[in-house]
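Novice: All chains, full assembly: derive it from the sequences and hints.
There are 2 protein chains.
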Amino acid sequence: MAILAVGSIAFDTIKTPYGKKERVLGGSATHFSLAASFFTEVRVVGVVGSDFTAEHEAVMTTRGVRTEGIQRANGKTFHWSGEYGENLSEAKTHLTELNVFEEFKPRIPKEFLDSEVLFLANIDPVLQRGVREQMPKVKLVGGDTMNFWIGGKRKELGETLKGIDILLINDGEGKLLASDPSLPRAANKILTMGPKAVVIKHGEYGATLFFKEGAFGLESGHPFRAPALPIEEVFDPTGAGDSFAGGFMGYIASQPKITREVLKRAMFYGGVMGSFAVERFGTERIQVLTRDEIENRFQVFQELTRLE
Amino acid sequence: MAILAVGSIAFDTIKTPYGKKERVLGGSATHFSLAASFFTEVRVVGVVGSDFTAEHEAVMTTRGVRTEGIQRANGKTFHWSGEYGENLSEAKTHLTELNVFEEFKPRIPKEFLDSEVLFLANIDPVLQRGVREQMPKVKLVGGDTMNFWIGGKRKELGETLKGIDILLINDGEGKLLASDPSLPRAANKILTMGPKAVVIKHGEYGATLFFKEGAFGLESGHPFRAPALPIEEVFDPTGAGDSFAGGFMGYIASQPKITREVLKRAMFYGGVMGSFAVERFGTERIQVLTRDEIENRFQVFQELTRLE
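Protein sequence lines correspond, in order, to chains A and B. Okay, so the first sequence: first residue is 1 according to the working numbering, each after it adds one. Okay, so the second sequence: first residue is 1001 according to the working numbering, each after it adds one.
Hints listed in this document are in silico derivations from the structure and should not be mistaken for laboratory results. Be a bit skeptical, because a hint or two may be false.
[Stated by the list, open to error] Calculated lysine-lysine pairs in the BS3-like style (CA-CA distance at most 27 Å, straight line):
1) B:Lys1015 x A:Lys175
2) A:Lys264 x B:Lys1264
3) B:Lys1092 x A:Lys175
4) B:Lys1020 x A:Lys175
5) A:Lys15 x B:Lys1264
Specialist: So, in structure tokens, the structure goes:
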């Protein structure tokens, strides 16, 4: 099944203990689409300015991502600048220049309307809902959000969540959204807000999938945990979460049916894609990645937790 | 193989969001021994005061723990009082009354000297080393420590680590000991300090075992991760780490040989015992636990991460 991804396309200026890079290609839709492109056809919708060149677009088209949905606007592309300290778990933002992204109104090209899977990357929940409503026949909707929207547009986000099947968020966002300091309780509260499943990402500790009894026709409501790879040298964590989402949704979209086993494997592929994303700056690592490397690392992930 | 456990025996006054309990039986040696007792013979060495009654001792002897090594001293038993807030990950200490524990000099009873496995629970590293030297023929030594000793007795701890085969510590302790904010790097640094293997406990996220290439005759040096159970109601986290260590060391001691598979299963049994420990206050849950319940939960842990 083809995935339609809607989100931000950006330039990131990133400083980490391993160096600094100016204006590398980034954004939630970019990282998601590149990661998902290893598993299925991906179509992207976003907005860029006149500084977005053919070379930037080629990063996506080289991976087979369909870019007809990238809207061109007068002005500059969204630019984020930030820095990661020694622990690499949280970025300190230096600068957020929304530029053309401030007026982003996602328009779905006609030829993308038959996409069977939709991923609403982290943008204003009102825009997410607008996209969802343009895609009434979609079979599966994944979504992301962040503290900024949970705090600032809680009510609108609540409406949007009713149209999302699988929500992917991190620990802090999950606790904030559910107003509960216990992750398992928070996850179960979120499952009453609309999503049938929620993936809580724990950064270097992996991720947990919680799902409703009966969701996707599955009997057992037990959660499922996937590990993360212990990585000594995390060069740049930017985009790790979006790459996880890309691997997760991409693998699901590549399968004929959602089963418990498919969801489990999707969690592992999510972890695998996140682990590659952090090995170099921006999209550098994913651009040169091969499917063989993905399968090899999938085996390493399995070996990390498998009992004979 | 029989395990000799040396550590603290205490009374804990614990407040959590679920209630408050006064002077319940606790201490690192107590929690460790009870958890390990489901897997192998356990012998305990510690010190208590006159307030430690036959009833308290029966908690251990009922589980088959051999208590001849419990030293009786004039005065009161070590008493700790603390409180856990909503997140339950860190205790706020209200009171630490060392009492008879302040002058604790571990003496190993003659009949315990043939113990093949030794566990040095969290006490002064100088005392740990003294015990280690009394047991020259021991086949496997596990150990624990805490920030207090890492900060205050780093040099002495360094000497003690040379006699420990497997160190079990949590994230914060590992980073502090290695002076490195990256957990995988910290673990690998610790493996240059003496231990052949280090188990880093991540609380609600599980634990990771790192080991030296060639340790225990194992070829592969890849780490191994075990999940923790997502638990909605953590009644009391006190003793969870010691119970993890008890399950981990107890399972290893029950096996004829250390293999990669034994270490992996030990990690799961550690997680299982930790997950039971937090279900009620103090030792309450472990006291009524059955081996069948342990095996059932082991299956749940496997199901959490297993791919078909």
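Novice: Next, verify each hint and record whether it holds.
Specialist: Hints versus structure:
1. B:Lys1015 x A:Lys175: 23 Å, holds
2. A:Lys264 x B:Lys1264: 20 Å, holds
3. B:Lys1092 x A:Lys175: 22 Å, holds
4. B:Lys1020 x A:Lys175: 25 Å, holds
5. A:Lys15 x B:Lys1264: Roughly 38 Å separates the two Cα atoms, so the pair is violated.
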